[in-house]
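**Student:** Residue numbers (our numbering), protein chains in the order written: chain A, 405 to 502; chain B, 13 to 458.
One or more hints might be untrue.
Some chain B residues flagged as far from chain A (calculated, every beta-carbon gap over 12 Å) [said to hold, decoys possible]:
{"no.": "1", "residue": "189"}
{"no.": "2", "residue": "204"}
{"no.": "3", "residue": "218"}
{"no.": "4", "residue": "238"}
{"no.": "5", "residue": "240"}
{"no.": "6", "residue": "311"}
{"no.": "7", "residue": "325"}
{"no.": "8", "residue": "401"}
{"no.": "9", "residue": "402"}
{"no.": "10", "residue": "412"}
Under the rule of at most 25 Å between Cα atoms (straight-line distance), these lysine-lysine pairs were calculated in the DSS-like manner [stated by the list, open to error]:
{"no.": "11", "chain 1": "B", "residue 1": "312", "chain 2": "B", "residue 2": "377"}
{"no.": "12", "chain 1": "B", "residue 1": "448", "chain 2": "A", "residue 2": "418"}
{"no.": "13", "chain 1": "B", "residue 1": "448", "chain 2": "A", "residue 2": "434"}
{"no.": "14", "chain 1": "B", "residue 1": "381", "chain 2": "A", "residue 2": "434"}
Hints were generated in silico from the structure; no laboratory data involved. Everything numeric in this text was worked out from a predicted model, so none of it was measured. Glycine included, each C-beta is placed from N, C-alpha and C at the ideal position.
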Amino acid sequence: MSELTTEQVAHVAKLARLDLSETETEGFRKDLSSIVGYIERLRQVDTSQVPATLGVQPHSNVLREDVARASLGADGVLANAPHRESNAFQIPRILEEA
Amino acid sequence: MSLSERDRDLHAFLYFSGEAALGSGPLQGLTVALKDNLCVKDWPTTAGSRILENFLPPYTATVVERLRAAGARLLGKTNMDEFAMGSSTENSAYGVTRNPWDRERVPGGSSGGSAAAVAAGLCDLALGSDTGGSIRQPAAFCGITGLKPTYGRVSRYGLIAYGSSLDQIGPLAYTAEDCARLLQVIAGPDPLDSTCFQEECPDFSAQMKVECRGLRLGWDPLLVKDLPVEMRKAFEAGLQVYLELGATLVEVSLPHLEYSLPAYYLIATAEASSNLARYDGVRYGHRAQGAKDVSSMMSKTRSEGFGAEVKRRIMLGTYALSSGYYDAYYAQAQKMRTLLRQDFEEVFGQVDAFALPTTPAPAFKIGEKSADPLAMYLSDVYTVVANLTGLPALSHPGGFVEGLPVGFQLMAPAWQEGRLLQMAHHFQQRTSFHEKRPQGARPAEV
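Okay, chain B solo, but in the shape it has when bound (with noise of 0.2 Å):
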């Protein structure tokens, strides 16, 4: 059965590229997946929107010429929230993806088609991106393993902009251990990124063997009392694993977390408003028919081309950017960012990681909150965080709750990935979470 049959009842997948691996070195023999807001000279990149139906990019992402050259096969484009604006796939301009461990439900977002096609087996390895928990939220509710890397570890030369102090590429796979693989060829300096960390990156695979015994694990009781009791119980038991692995528990708290979802809302969508700007019709993308002058042209293009959750936050980053709301809502918000970071530097000083949940409870149901836009956003509570300190954080499959999969969570200090891929390495040594596979899903097939 071809990969597009294979997809046809999940969709994951926008396109199909049908190329064969370009290249040779640490990824030959591996396929990998795209998300459909990296751009690949000739390849429709659309971003899970209309207003880029047909745009085709005249040149490549630095990550996927990385992948290339590693020997990778690139399968093709995955299917995401419109501007990666969701945490559902529900928001694409081209239909939703499906969980594979129950089709009823979403795969998350907004990497979901990336995620979708790992738990499948469509694909061995997928890259996301990530601005408040976009790879990590799907990755907990397909039961698969991701990364998002400190701000500055990836390139994001080619990475069409959401939040652009906020946005970081990052690896989707099974393991860990394959997370650490696709980590090494992707990160690392570029010069065409200018917010990219200048230091060549760690041997991120040797760093992931290093034993765990005598790591300080924090974690914040006050995070999870709330928390549903089954969703509770597999954090504690992923605690429990860690205790086994030799790592020692530290309460630990922080303070301003509960704050990190309105800051985070206010910054995002404040960025994407200004980024967003760029979509007017006029050099590339969408553009309306039949307007009399540039002005009319511009808001035609852009009411046409958007869908509704795009919009909304197009307005609301514009509202929290007016005159006279300014200094109440997006300055606040970025002082509440620095509180944030303080206290994470507190947390640190403490412990080598800190865990929490991914999400507060295992992959809705289609359609059941795409009616409140608020109770959506609700599900982004502990992945918005990493993105607001720039913090690496790690989601890695932490057992099942209602029969489907739930995510554990791990942050860490700046550049520490290798930390994060060492815990969940050997929490994966001694659990079998990501070796359970949802029905029907195959080996990929090279």
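Just chain A, with the same shape it has in the complex (with noise of 0.2 Å):
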């Protein structure tokens, strides 16, 4: 059975920007080592001449012509926007005030 840490929750919580409450932590905790606990499985295959499949479309890369076309424009692509300054999205501050 793989048990996580605490500290390895709270690692990957962070890789993946989600703040959680220490009982959300736990819970996720108990959750993740059950679930990892049973995908071990997978290590009982020997694969170490399997090559990996990351897609299995026949095709790849496929283009268009590059031939200019009608787009949203600034106002269709900022009508969603949280905070918008003219033609911007605004975010709080990136940087401090020198």
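Both chains come to you apart, so use the hints to assemble them.
**Tutor:** Put into structure tokens, the structure is as follows:
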């Protein structure tokens, strides 16, 4: 059984940009430990000589002609923006003031 | 009675469009419901998530454009597990949908609203999406027919992504014949989706009519030996119907099928963790208030906007892709995908189609599995392999167990949707399971 630690769960949450409460962290620790324990069975199979399948379609890099066509325009693109300033998405400050 | 009144105790719909038919063509006079992860310009499109509560897509999915052009009347959007992550529709942020056959039970998921709407006669046809069984499992639980096409058969332009190497859009209807009509309209090349197969589709309705005599149908006795006896009997009775239709039954073996579920839950969640990174509160959807900097704005937004199962899957996928675990989990799952494809190459060297149950049990009770994520995942044991291999798969009504409908599932080689429809259609010529209706269901009003 692969028990995850609280620290591991907190680390993964940080990578995934999720703020978890203590209760959530403990809940996910238990859930993920049980799911990962189940998933461990994959390692029973020797796959050292098996190539990976990344996708199943028979084709790749399908390109169409590079022809200009109508697109949404700035108002269409920004219509759902939670905060907008002129033709830009507005977000909280990234850099500290000097 | 209006559609919304008729839907009140089922809650299959999230949005009623009130739209009239806009075009004329092969779907004229038919009503269609759309799963709420399909974008329609200016229609609320939530994918069952709070994070998209006020989202109005600025464009329309290709499949929806094609339905309108074919004369279908689009009734609205149907309920689903948040971002299609679930097997019961209980993970919707907008409430549960009830199974028309038993209001205490789930309709399946994640396309539970679409399946329930068809089963209750609220619409003629519906679209769902299927990443690990999300069309076939609710079709089975609701006593209707559902088809996951071959990966690449149907354009996904305008489908909100979950697992991009697995997702396909497909039809739900009572009969295989109606699924064929709907598939014909939505399938085929689309310059807006580079994963879409470039070749034109065959005439599915013509393929459907070909006799089943002489077809070789494979099945693996090991897959059903541990099923509850009533489920196994229903499956074996289904095999018997195909025998009577002139098919030959062939025992085959899929040695790696038992590994499909763990492989699926690694690949799907890894892809989901990447796909759902776009919900960061910057460009659309919910944004948390009061955050001091952009990084805390993003994590606060995601924590407020996502439900528990979506967070769980993002966590699992992020873990599987993280440094030190990638080779042990994600890479191993991709190799298992190769072994599963090889299993099916072997099988389809011997037979024309492969039969298996759609689910290990009929619809479960609302709340029964919601506290145990792993138990919920295990209900997808027979469906995820079609997504991992990209193969087409169909679930058709296969009888009743404890008064509840169960599905019979068929898989075929890539691009052979016509063979699945052919088999299901002839099955339905000989049986009446697809003619049974839950109490209170009526024909859809046009």
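**Student:** Now, for every hint given, state plainly whether the structure supports it.
**Tutor:** Each hint tested on the structure:
In this structure residue 189 of chain B is separated from chain A by more than 12 Å, as the shortest Cβ-Cβ distance comes to about 28 Å. For residue 204 of chain B, the requirement that its beta carbon stay farther than 12 Å from each beta carbon of chain A is not met, with the minimum near 9 Å. The Cβ of residue 218 of chain B lies farther than 12 Å from every Cβ of chain A, with a closest approach of about 24 Å, so its non-interface assignment holds. Under the 12 Å C-beta cut-off, the non-interface status given to residue 238 of chain B relative to chain A holds; the minimum distance is some 16 Å.
Every CB of chain A lies more than 12 Å from the CB of residue 240 of chain B, the least distance being 21 Å, so the non-interface label holds. Some Cβ of chain A comes within 12 Å of the Cβ of residue 311 of chain B; the nearest lies about 4 Å off, and the non-interface call is violated. Listed as outside the interface, residue 325 of chain B is inconsistent with that label: its C-beta sits roughly 10 Å from the nearest C-beta of chain A, within the 12 Å cut-off. The Cβ of residue 401 of chain B does not lie farther than 12 Å from every Cβ of chain A; its closest approach is about 7 Å, which violates its non-interface assignment.
A beta-carbon of chain A comes within 12 Å of the beta-carbon of residue 402 of chain B; the shortest separation is about 3 Å. Taking the minimum C-beta to C-beta distance to chain A, about 31 Å, the non-interface status of residue 412 of chain B holds against the 12 Å cut. Between residue 312 of chain B and residue 377 of chain B the alpha-carbon distance is near 34 Å, which puts this suggested pair outside the 25 Å criterion. Among the hinted pairs, residue 448 of chain B with residue 418 of chain A is inconsistent with the structure: their alpha-carbon atoms are about 51 Å apart, more than 25 Å.
Note on residue 448 of chain B and residue 434 of chain A: the hinted pairing is violated, with a Cα-Cα distance of about 43 Å set against a maximum of 25 Å. With a C-alpha separation of about 16 Å, the suggested pairing of residue 381 of chain B with residue 434 of chain A holds against the 25 Å cut-off.
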